[in-house]
Amino acid sequence: MKNTHKIVASLAGAFLLVALGVVVLFWTFGQMKEAAENRSHTKIVISSAEDLLSDLRDAETGQRGYSLTGDEAYLEPYLAVRDGFSSHLKALRQLTLISAAQKHLDTIAPLMDAKLLEMAHVIELRRNQDMTGVLSAVGSGQGKRLMDSIRIEMSSFVKIEEDALAQHEAEFQSNMRRLFTVIVIASLLILVLALLFSYLIYRETQHRLKNLALLQTQHLLEIQEGTNRQLQQANVTLQISEEKLAVTLNSIGDAVMATDDEGRVTLLNPLAEQLTGWTQAEAAGRPVEEIFRIINQETRQPSTIPVKETLAHGTIQGLANHTLLIARDGREYAIADSCAPIRNRDGEVVGAVLVFRDVTEQMEMEIGLEKAHEELKELTCELKRAARAKSEFLANMSHELRTPLNSINGFSEVLYDETFGPLNEKQRKYVNNILTSGKHLLLLINQILDMAKVEAGKMNLALSSLPMKSLLSDISLLVADMVGKKELQMVLDIADDLPNIEADELKVKQIIYNLLSNAVKFTPAGGKIGMGAKKVGSGIEVVVWDTGVGIASENMEKIFEGFFRVDTPYSRVTEGTGLGLPLSKKLVELHGGKFSVESEGLNKGVSVRFTLSVVSSKEV
Amino acid sequence: MKALVVDDNGNNLLLEKDLLEVAGFEVFEAENASDGIAVARKEKPDIIVMDVRLPDMLGTEAAMILRQDKETQDIPIVFVTASVMADGRAVMDTIPNSGFIGKPINTRTFAKEVRQFIK
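As given, the protein sequences belong to chains A and B, one line each in that order.
Residues 1 to 620 (the numbering used here) are what the first sequence spells out, left to right.
Residues 621 to 739 (the numbering used here) are what the second sequence spells out, left to right.
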């Protein structure tokens, strides 16, 4: 139980006890009061009884006096008794509470009547002057007997009442004692409780003080612990940093050598040991020029050691290029690097640190690089020559192929036109076959050349402002014939607000014609093709779509490779070079636009989408 | 109307000659530049149709010679060439009163195209 609870409990106990004591006191007082009342009542009863007896005696004495003297004055007490006795006795009877005493009073009442009668008789006799009768009446002793009986009864009555009085007295005394005892006990208890309470409060205070002290101590301990931890941490950090420094020096890819302010070696890291051929233990304290012997690579004259300069001026020094380090065993290393001052907190130079590295490999590499660079130059020249040759070849090929084609196509056209006389049906058909094949060959050559030119970066664009809306309609008319022949439906959706485009007219026409003719070629009779164009951002987007044979997803990559032809029943009857799509893509990209082909799969049609900006991003 | 056709390829020469003759030209032929220049000086044609790649010199070089000759300097020259490289075109553009038709020619429009260059 906590001390606070104990204090509260003892306090509550004290209050209860005090309350109990008060209750007992009140009760005892009540008892005492009652006993005192009883006592005084009994006293009244006794005195009343004695008064009655005394009155009776006075009446008797008065009666006797009258009998002797005949003086009426003696009769006064008798008359008072005779008139008041009945009520006096009645009052006494009412006052009397004890039944045994009441019985005595009941006995006394007839005796008193008899006595009063006897007295009245004697008085009557005396009044009648019958002295003899008086003497005989008195002499009979009846009056005395009656009086004796009354006296006896009365004393019995008084005895009972006196007993009761004694008892009340005893009760009163006993109550007094009890009161005293209660007061003593209550005082003692209160004293004990007060002591207990004081003790508990004392203990509680002590406890609290102790706790406070404990808390303070704990706080101090925590602070101390924290400080200890920090110290430990600082130690660890220091250790780690020292280790790091050691590890860093050991693992650094460069050789590191430190000297004091007089240029004597103080430290060599493993790489420095390796390059100089000196160990740290051997080198420590020796002058730096003894350990770090350097000469100029070309003149083979000793080079100035930068440590001296650094110590003298506190500046960072770089080693001269083409420096050779001569190791202890005479081996030579091409080295490069620098020297920096070591300063203390006040900024005074207290030493120098020399960082150097073996650049032998690097130098070899540089030589190799130079050689490679030369080779690359030659290769570039060769490439340029090759590119030139390729261009020339392309120009020549173009010329050489077109020249015979000029004859083939020209003559067959003249024949077909029957300029110099009619042909029969078969001749006309064959000549037409030659012409068609010749034209196809010409298309192929043109496209191959265009591809080659784009790839060689030789395709030049002749930019002009193109009214796209009319241009698109014009080209759609070019394919209208084919569309009609194949019973296709062509849907045009060209926006009214289509802006003019800065582009090469021939190329743009070529692109759109390629796409539309592809759509016609690869869509079976009864299908639909379409072209849509709208303004998108700062350019236009053109979509050419069809409901034709589509492109299987696995072929999606191949369509731009060139000479890829969709392998369908239609491909046999369709004409094309397989270069139209890749060339169109290249031409769009040449204009700075984006070109994409979408198809949900075989027989799901194709949508070709491309963009052109209002101002072409490619300049001529 | 006289036309001179200069082309080292006999077939092309024949084709162009036929087409021009059909269109009503009197056609003279030459298979190299020197002959062409000579014929031009002699016949003073109304138009010269000239290939660019000729065995002895370029058609453009022959044209420059013709332009320096008072007698031939005003004869319009139409270059018919299979060369598609743009660099050749630049030279042609420097020659006054000249035009260009690419090979292969369109037989149905060739004579008309040539006639357009005659003033």
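The set of hints was computed from the structure by calculation and includes no laboratory data.
Treat the hints with caution; some may be incorrect.
[Unchecked claim] To give an idea of the chain A side of the interface with chain B (calculated C-beta under 7 Å), a few residues:
(1) Q129
(2) N396
(3) H399
(4) R402
(5) T403
(6) L405
(7) S407
(8) G410
(9) F411
(10) E413
(11) V414
(12) T419
[Said to hold, decoys possible] Now the in silico label distances, taken between C-beta atoms and shown as ranges:
(13) E298(A) to E681(B): 54 to 64 Å
(14) P422(A) to D689(B): 38 to 48 Å
(15) A387(A) to P675(B): 20 to 30 Å
(16) K622(B) to K535(A): 48 to 58 Å
(17) F560(A) to E733(B): 30 to 40 Å
A quick note: this is a predicted structure, and the numbers were derived from the prediction, not measured.
Where is the CB? At the ideal position from N, CA and C, for every residue including glycine.
Going down the list of hints, with the structure as the test:
no., hint, in the structure
1, Q129, "violated, 206 Å"
2, N396, "violated, 9 Å"
3, H399, "holds, 4 Å"
4, R402, "holds, 3 Å"
5, T403, "holds, 5 Å"
6, L405, "holds, 5 Å"
7, S407, "holds, 4 Å"
8, G410, "holds, 4 Å"
9, F411, "holds, 6 Å"
10, E413, "holds, 4 Å"
11, V414, "holds, 5 Å"
12, T419, "holds, 6 Å"
13, E298(A) to E681(B): 54 to 64 Å, "holds, 59 Å"
14, P422(A) to D689(B): 38 to 48 Å, "holds, 45 Å"
15, A387(A) to P675(B): 20 to 30 Å, "holds, 28 Å"
16, K622(B) to K535(A): 48 to 58 Å, "holds, 55 Å"
17, F560(A) to E733(B): 30 to 40 Å, "holds, 37 Å"
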